[in-house]
Every structure is written in C-alpha cells, then in structure tokens.
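A.B. asks: So the chains spell out like this:
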Amino acid sequence: MNTTHIVKSYEEELSKLDNLVAEMGGLVELQLAQATKALVTRDLAGAEEVVSRDVEVDQLERNIDDLALRIMVLRQPLADDLRSVICALKTASDLERIGDYVRNIANRTTVLTKFHSVSETSHMIERMAKIVQTMIKNVLDAYISRNAELANQVREKDQEVDQLHNSLFRELLTYMAEDHRAITSCTHMLFIAKNIERIGDHVTDVAEHVHMMVVGEPVEPGRPKYDKTSTTAIEGSTA
Amino acid sequence: MNINEKNLVSGVRISKPNREEQRAVKVSAQAVNVHYGDKQALTNVSLNIYKGMVTSLIGPSGCGKSTFLRCLNRMNDVIDGCRVSGEILLDGEDIYDRHMDVVSLRARVGMVFQKPNPFPKSIYDNVAYGPRIHHLTSSKEELDEVVRTSLQRAGLLDEVRDRMEAPGTALSGGQQQRLCIARAIAVDPEIVLMDEPCSALDPIATARIEELIDELSENYTIIIVTHSMQQAARVSDVTAFFHLGEIVEVGDTEEIFRAPSDERTKAYITGRIG
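So the protein sequences, as listed, match chains R and H. According to the numbering used here, the first sequence holds residues 224 to 462 in order. According to the numbering used here, the second sequence holds residues 1219 to 1492 in order.
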C-alpha cells in the first residue's frame, strides 16, 4: 500500500531526514575513499584535505539530530515513522564515529609519508577499505530503499574485513620482528587496519538499525566475530 | 502501577503480564453485528476484554468503536431502530439475555462520556446518586464514606472537600470530568467505559485523567475510546483498531504502536492516507 502523510510538511521532514542520512553516508564513503587513496599514493595534501573535511561530517550529524528532535516534538511519530527517526539518530551517530576513524587514518598518513612505504601491507589495507566502502554504500542503499535483506548481507560481509585484519595484523608483527626500523610505520599501519576493522563494525551496527527500522524487530543476537587479533601472537615473540 | 514501571523510552506503557494464560477474560464479544435501521454499524466484531487491564479502542470517526463500547452496557437499547446480534458475555453471562436486569448491568458497567455531564445537583448528590438508587448504603454515615472514597479515588476530594454542597456544574471542565468518574465508580462497578474522556480537556486536566486511569486500572477493567494515538499508547495494555465497522487488528499496545502488522492500522496511526 503506497501511502503518504496527510500533513505534507511531515512527509517532507521525513524525506529530508532520509536525504540527510544519505548525504552524510555519501560524504563518509567519499572521505574513506580519499583517505585510502592518499595512503596508497603517499599524498600529504590529500590526507590533509580529508582531515579538514571531517567537520562537515560532524555538522551533518548535528543537522540530523536537530531534525529528528524536531520531528519527535512536533509529530510524535509512531510505528514505522518512529522507527525511521530512531534509525536516523543511531545511524548518524555511527557515521560520525566512522568519520573520526577516517580522519585518524588521514592523520596517520601524514606521518607515514615521511617514512619508507610498507607497500605490501598498504595494498592489503586498500582491499580492506574497498570492502568497507562497498559495505557503506550498500547499507545506505538498504537504508533508503528500506531493504532488510540487503542490510543483512552487509552484516555478513563484515567477516571478510575481520579476516583481512587478522592476516594484516600477523604480517605487520612479522615485519616489525624482522626490522626494528619499520616499527613506527608498521605501528601506524596497525592502527589504520584496526580503524578500518572498527569502521566495518559500525557499518554492521547501521545494518542492524536498518533491519530494526524495516522489520520492527531487532536482529537475532550472536553475530559470529572473526576478529582474532586480540588473542594473536607470532611465534618466537613470546617470553 | 507507578511511574517507574512505565517504559519512558518508547513512551509506551509496559503491558501488565501479557502471556495469554495469565489473562482472565472479563468480557467476551463474539461475532457482534449492530444495525441502525438499514445501516450496518458493526460487522462480525469479536474481542476479548481482559480483567484488570486497560483496553483502548481506536479508529477513524464512524468506524464503530463507540457503538461497540455502548453495546457493553446496552446503551444502544435506547436508540430507535438499533439491533444487536451476536454474543456478549460478562463473566460468562450473556448480557443480552432477556432475564438480564439492565439497570444492575449498568451499575456493573459504568460509563464516562466525552463531555463532562454532571447532574444539575450538588457535588455530593452527583456522587451519592448511584448508591442511593441502587440502595447500596444503609446509613447517612455509610453514604458519606462512599462519596468521600469515590471522590478520593477520582482524585477530586482535596479540591472539593470544603464545598460539597456547591453545584457540580460550577467546577472546571477537568474537575467535572473527574466528578463524573467519581459518580461512575461510586456504585463500585467492575468495568468503566470511557468514551473520549479527555477530548474536551486541556493538557493538565488530561494528564490528571490519564494518571487516574492508571490508578483505577488496579481495581477496575477499563475500556477507553480515544482519538489520541499517544493517549492510547500511554494508558492502555491492549489496543483494538476498528475500521469501517470491523476490527482490523488487536494486540498488545506496545506492539500496535511500534510495529503494527496491518497496513490499515499503520496508515491510521501514522496519519497517512491510503
């Protein structure tokens, strides 16, 4: 049943809220792409631009908060409208955190440009980032088209990110064990990998918000975690 | 129920124990049809009302919710050309049985209307009226006590204690409505029907009535017709959505307002046109 609100301005506010989330998500996706590119091409100016644009992400979160609050006060939304507003609020908060992780990647890139490149790992990071970027794009599509199935697929995709992170973690530890001069850059690379892994987790959260918005029930708890880095050690490094 | 037990996050009242087996059916309506002359107002309505719970009936104007409410204490009997068929059981007893005493039925099933309608009598006499005609008390002292506790339960006693002989119509709108509630509960009914009890009241008076519904639900089974979705969400445990004389959806209030399953319910409560 295709229905529209009797009060036109309410309808407009809800679609504006969707548009703001799409805009914020789009910007975050772009920021991640630029930050990854700056990392791989060792582009200092590009990294600095990413850092400076994070304020735009933060501003969009405030705009979403303001509009969501306005809708709650004026319209007292119910049922799917209520779930949409809650989903927008929670998604904006996750996107803002993703923005912070991206800014941190760009900050670390500005340091990394001063060191020798760790090119083998930077390509693995690029692969990780590509997957996460697609996840962001798909979760936003799922959001806008109210597609719970697509949101669930995004959620499943996160295991690939976790597995790449596991391999990267081991690889970087090995580099550091082999060559102490690489410790600074490898440590930054570790944090960058971790940031991307965390971004994947936030995208997964957004997928869960979308599921709740569309279906009206939370997703089944107990998503398997594939990130094993908290318990990983390389041979020969233990006492 | 006190305020801490309410789900303040979603703004929806947390239901009392909602497992089916813990609910005792107070009123069972089965396949109820109501005609006003040639016009059918209710079609095949079946609904269980549970003891000690607040049930709200929602739906657009003319959907039959008030008609259904009036079936429950046979208020439709007084309307010319109104025919009721089907079965309505109160504690298993058919209220449309020809042996049913309608006057005592209406004492068991009290009613509060949209507009406060106190009798043109004193505050005291408004509340004492029911107990007097039903001979519920045997002495002046006992009647005084019933009037006092009814006003207390209706949250009005403190405001009228010193002017019990003043006319009921001299009170403010919100006070008049609480006086009508005191009058309804003075005969110690089992069920209180409320037909849009707050639609003529300001937000403060409305909040008082809603608080009162919460308190009264400890002792009475309450059925409320309301046009305010937020009010239905706040005060009721179970919500039934009526549309074109039929029940479209009935369920736990929280479920109905969080994620209704019928598209017509969703369209109505979110203010959409189909």
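It is worth saying that the hints were derived from the structure and are not from the lab. On a predicted model such as this, the values are computed, not experimentally measured, just so you know. All residues carry an ideal CB built from backbone N, CA and C; glycine is no exception. You may find that some hints are simply not true.
[What the hints assert, rightly or not] Partial list, derived from the structure: chain R residues whose beta carbon lies under 10 Å from chain H:
(1) TYR233
(2) PRO300
(3) ASP304
A.B. asks: So, for every hint listed, does it hold in this structure?
C.D. replies: Consistency of the hints with the structure:
1. Of the supplied interface hints, the one on TYR233/R holds, with its beta-carbon coming within about 7 Å of a beta-carbon of chain H, less than 10 Å.
2. For PRO300/R, the suggested interface contact is upheld, since its CB lies about 7 Å from the closest CB of chain H, less than 10 Å.
3. Given hint, ASP304/R at the interface with chain H, holds; its Cβ is 5 Å from that chain's nearest Cβ, closer than 10 Å.
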